[in-house]
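Enquirer: Chain by chain, the residues run as shown.
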Amino acid sequence: MQGNGFKIFLTAFFLVLSGYYLYPSAQKYFLNQEMEAMTAEERQAFKNDNVVRIRTIDEKALNLGLDLLGGMHVALEVRVDALVRELATDVDEAFEQVLAAASEQSRASTDGDFIQVFVDEFESRDADARLSRYFRNEAAGITRRSTNAEVASYLQTEAGEAVSRAMSIIRDRVDRYGVTEPSIQQQGSRRIIVELPGIDDPERIRGLLRGTARLEFRLMVDPAENVRALQRLIDFYEETTDSTEVADADTTFDVNELLSSEEGGSGNRLLDVMQPTGQNVEFGIVAEEDTAAVNQLLSDPAVQDLLPRGIKYMYTSAPIGTTTDGLELYRLLGVRTEIELTGDVITDARVDFEQFTNVPEVSMTMNSEGARTWARVTGANVGKNVAIVLDGVVYSWPNVLQRITGGRSNITNLDSQEEAQDIVTVLKSGALPAPVEIVEESTVGPSLGAASIKAGLNSVMFGLLLVALFMIVYYRSAGMIADLALILNIVFILGILAGFQATLTLPGIAGIVLTIGMAVDANVLIFERVREEMSTGKTLKASIDGGYAKALSAIFDANITTFFVGVILYSFGVGPIQGFAVTLMAGILSSMFTAIVFSRIIMDYVVIERKLAVNFG
Amino acid sequence: MRILENSNFQFTASRRRGYIISAILILASLVSLGIHGLEVGIDFRGGREFVIDSAELLDVTAVRSTLTDALGAEPEVKSYGEDMLLVRAVGDEDVTVVQNTIISAIERDFPGSEPTVEGTYAVSPRFADDLKRGAIYSILGSLLVIFVYILLRFEWRFGVGAVAALFHDVTITLGIFSIFHGFVPFSLQIDQTIIAAFLTIVGYSLNDTVVVFDRIREYTGIFKSEKYEDIVNKSINNTLSRTLVTSGTTLFVVTVLFIFGGEVLRGFAFALIVGILIGTYSSVFVASPVVLELRKRAVATR
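Going line by line, the protein sequences match chains S and B.
Counting in our numbering, the first sequence runs from 425 upward without gaps.
Counting in our numbering, the second sequence runs from 105 upward without gaps.
Quick caveat, the hints were computed from the structure, so don't treat them as lab data.
Some hints here could point you the wrong way.
As the list claims (entries may be wrong) - Computed, partial: chain B to chain S, Cβ under 8 Å:
| # | residue |
| --- | --- |
| 1 | R106 |
| 2 | L108 |
| 3 | N112 |
| 4 | T224 |
| 5 | A226 |
| 6 | G245 |
| 7 | S246 |
| 8 | L256 |
| 9 | R257 |
| 10 | T297 |
| 11 | V306 |
| 12 | N311 |
| 13 | V314 |
| 14 | Y323 |
| 15 | R346 |
| 16 | G366 |
To be verified - Here are the in silico distance ranges between beta carbons for each label pair:
| # | chain 1 | residue 1 | chain 2 | residue 2 | range |
| --- | --- | --- | --- | --- | --- |
| 17 | B | V249 | S | A966 | 35 to 41 Å |
| 18 | S | I911 | B | F290 | 38 to 44 Å |
| 19 | S | N561 | B | V249 | 46 to 52 Å |
Backbone N, C-alpha and C fix where the C-beta goes; we use that ideal spot for every residue, glycine too.
Excised from the complex, chain S in its bound form (with noise of 0.2 Å):
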């Protein structure tokens, strides 16, 4: 037994350092037993008795991942081309151009350097052209004399700040969503991943992690433009409609029937998507299906001449009715394009309920200046409406009757109470500098999670059941030192995941099974090299001597590689494919450990200190 002093205290202590770690999870779980078994009054009240220590154990204990809790998994991706459309001070036919052709390269190149990609477009386009024309901003120091470097670094700068102030926009906007142990983290240089267990509404998280929450107060068109515009556009698209467009529009020849009577069909292209209104602010009536078409219409460069100066088009937040279809028909609105308040103004807000209808709205308080300008402007425009304007869609326009001191002002229009109370947690929260998509998102459901554990547990379960069996079948009484090894191995696999606070997902425990099946692998080459050694009429002790040091280095090879490869996938995969790649390293590493030092250690004393035989089968 000499010599293995060492090896003991190294097992102790890896296995000290194992339930230390692993101490917490088994905490979380007597705890859950407990209060599984109280009635849902006396658990609110042991929780709140509890907290502090409750969210220790929670901290400390095995991560489970989403797809084992259930909940949201969601990657949003800063838009960085939005974001420098908007940093534009000055933007024209050419910048628009560049703008489009890079957005397209990046996304064939991906998280690539946007960025990078414009400027390169840009200066591809005419070497001599200057940035600073259109990005010249006194604040940020931009001057018309700034060079297209300077420019870059300061778009670089201001992605950067986007991307985290973004990421707290969203945490904050998380936690007043209330999630319990949301983890929000930056992927790259523009993606951020936002993880919720336990999440029952994704349709909500969406809409609240995607919303810019651009609040603007706007000025609308003027009653008599807007009617003499519509006049030239029906015209414009009469005009140009000819035979082959009239086949185009035939696609949406049943919804134009139900909108207009008079009109159907009448191959006039402007007309078959939408029903002409004219009245004071509204342009016209439009199908939810056919938006997408009208405001193709509308973006016709032809066409925005005809269009009253400085106003753009926008939909109505409610739909103002259905047809007999189910189809949900919104107002087309004219608003200016210049913005008289923003949100930034905006101090205060909370869900309210309409004094005689009780219906929720969303009533806003701003500070001083904004109150100020507020004043002047709804002052200056009595009799006319102003547009309450939330993410480009209009909420509500009220008729300005007077002066209105004091800033307050409400959005009304709502569906429901979530809603408002989803605007407020925004609005809170504040805007987003640039707009985020989700480019991936996953949920599960409870049900489809506690499924998953049961079958990882079985599959664990069995998986030990049966590789346990085998090897004292096979390799009789050296088998069951080998299924010690076994045992032993999986408490470091969960001690090592708990130590590293790595996240057991389900593909980690299949990667668990897996270990299972090779970790026996090394103590089967030993064994092997054993039988070897006997059969050579060598004794019991030199044979495992033997057998010992010769398997060690195919034992060596043959691990290190599938390490290696567990490297590999940790650093290019992403969520699940982590979690495996940290089963099977860490599987490797302990199982070279148990085969290699453990099983020694037992087999030592079992045939030195015992004088016992062990029986390789």
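Following the hints, position chain B against chain S.
Expert: Quick look at chain B alone, frame taken from chain S:
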């Protein structure tokens, strides 16, 4: 208990037979990959998936036709687990919108079915490109690292033999995925977990191969007077018992995973079952014979 102790099979002498079997399998795999192709998961091409549970068992074909009307394009509909459905739809509308369309269409056409969405997975094409790139990098990276490691630890012929065996294993496993997708009652799509499975197969197949190589290396030093062919044969035979025992235990656990691991891991476990069988075969019939052939050629030209 002992199996195949002191076996003395003529592996090296009959290696031509092995080449023919491997050649046929590889050819069949390549043909199927060319004609039948692979089923690619939405991780690598973008799209949305919805796992739908319902109070009563829904008929896949009927739901497919209902959803084809509702979504305007035919979605993939499959059974998922024992009593759920997996719907996979393309398009770029909002996930919420697609989900609501699916649920209301099923509610309308199958009254009383009470469909609920149990899980969703959505990947934008751009993100899918990233995942694809990551997968390709990990495959190439693994192969490179393994090749370099074998080169450092063994002579170059072993490196070639090991890599040949790896290509052999992955090609045939891919081939089997290609041949059987659509015909078996579980998903055989290539997604991230399958890539992880393939890389594990690579690691595993190598594990087996390395053990044999290690023995060849050892015996080359001991039995200097024997023919190289006999040394290789003896190495394979003397490690055969170990090869079969570990393949056996690993096969046990992946079969357990296949049966008990649930719907998510079924394709993964299947890949591993196939990979372990092929990997064990290749370490005996591909990797070592390749080393032998290279060695023979070297001796012949000398």
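Enquirer: Each of the hints needs a verdict: does it hold here or not?
Expert: Status of the hints after comparison with the structure:
Contact between B/R106 and chain S, as hinted, is supported at the beta carbon level, the nearest pair being about 7 Å apart and thus within 8 Å. At about 11 Å, the closest approach between the beta carbon of B/L108 and any beta carbon in chain S exceeds 8 Å, and the interface hint on this residue is violated. For the restraint placing B/N112 at the interface with chain S, the shortest Cβ-Cβ distance is roughly 14 Å, beyond the 8 Å limit, so the hint is violated. At a threshold of 8 Å, the smallest CB-CB gap from B/T224 to chain S is about 5 Å, leaving the interface hint in force.
Given the 8 Å rule on beta carbons, the hint for B/A226 holds: about 5 Å separates it from the nearest Cβ of chain S. With 8 Å as the threshold, the beta carbon of B/G245 comes within range of chain S, its nearest partner Cβ sitting at about 5 Å, so the hint holds. Residue-level restraint check for B/S246 holds (minimum Cβ-Cβ distance to chain S is 5 Å; threshold 8 Å). The restraint placing B/L256 at the interface with chain S is violated, with a minimum CB-CB distance near 10 Å, outside the 8 Å limit.
A hinted interface residue such as B/R257 counts as satisfied when its beta carbon comes closer than 8 Å to some beta carbon of chain S; here the least separation is about 6 Å, so the hint holds. Given the 8 Å rule on beta carbons, the hint for B/T297 holds: about 6 Å separates it from the nearest Cβ of chain S. Hint on B/V306 holds. Least Cβ distance to chain S is approximately 6 Å, under the 8 Å limit. Hint status for B/N311 relative to chain S: holds, with the closest Cβ pair at about 4 Å, below 8 Å.
Checking B/V314 against chain S by beta carbon gives a least distance of about 5 Å; that is within 8 Å, so the hint holds. Taken as an interface hint, B/Y323 does not check out: its beta carbon lies about 12 Å from the nearest beta carbon of chain S, beyond 8 Å. Among the interface hints, the one on B/R346 holds; its C-beta lies about 4 Å from the nearest C-beta in chain S, closer than the 8 Å criterion. Checking B/G366 against chain S by beta carbon gives a least distance of about 3 Å; that is within 8 Å, so the hint holds.
One distance hint, 35 to 41 Å for the beta-carbon pair B/V249 and S/A966, holds here, with the actual separation near 38 Å. Between S/I911 and B/F290 the beta carbon distance is about 31 Å. The supplied range of 38 to 44 Å is therefore violated. Between S/N561 and B/V249 the C-beta distance comes to about 48 Å, which sits within the given range of 46 to 52 Å.
Hint compliance for this structure: hints 2, 3, 8, 14 and 18 are not met, and every other hint is.
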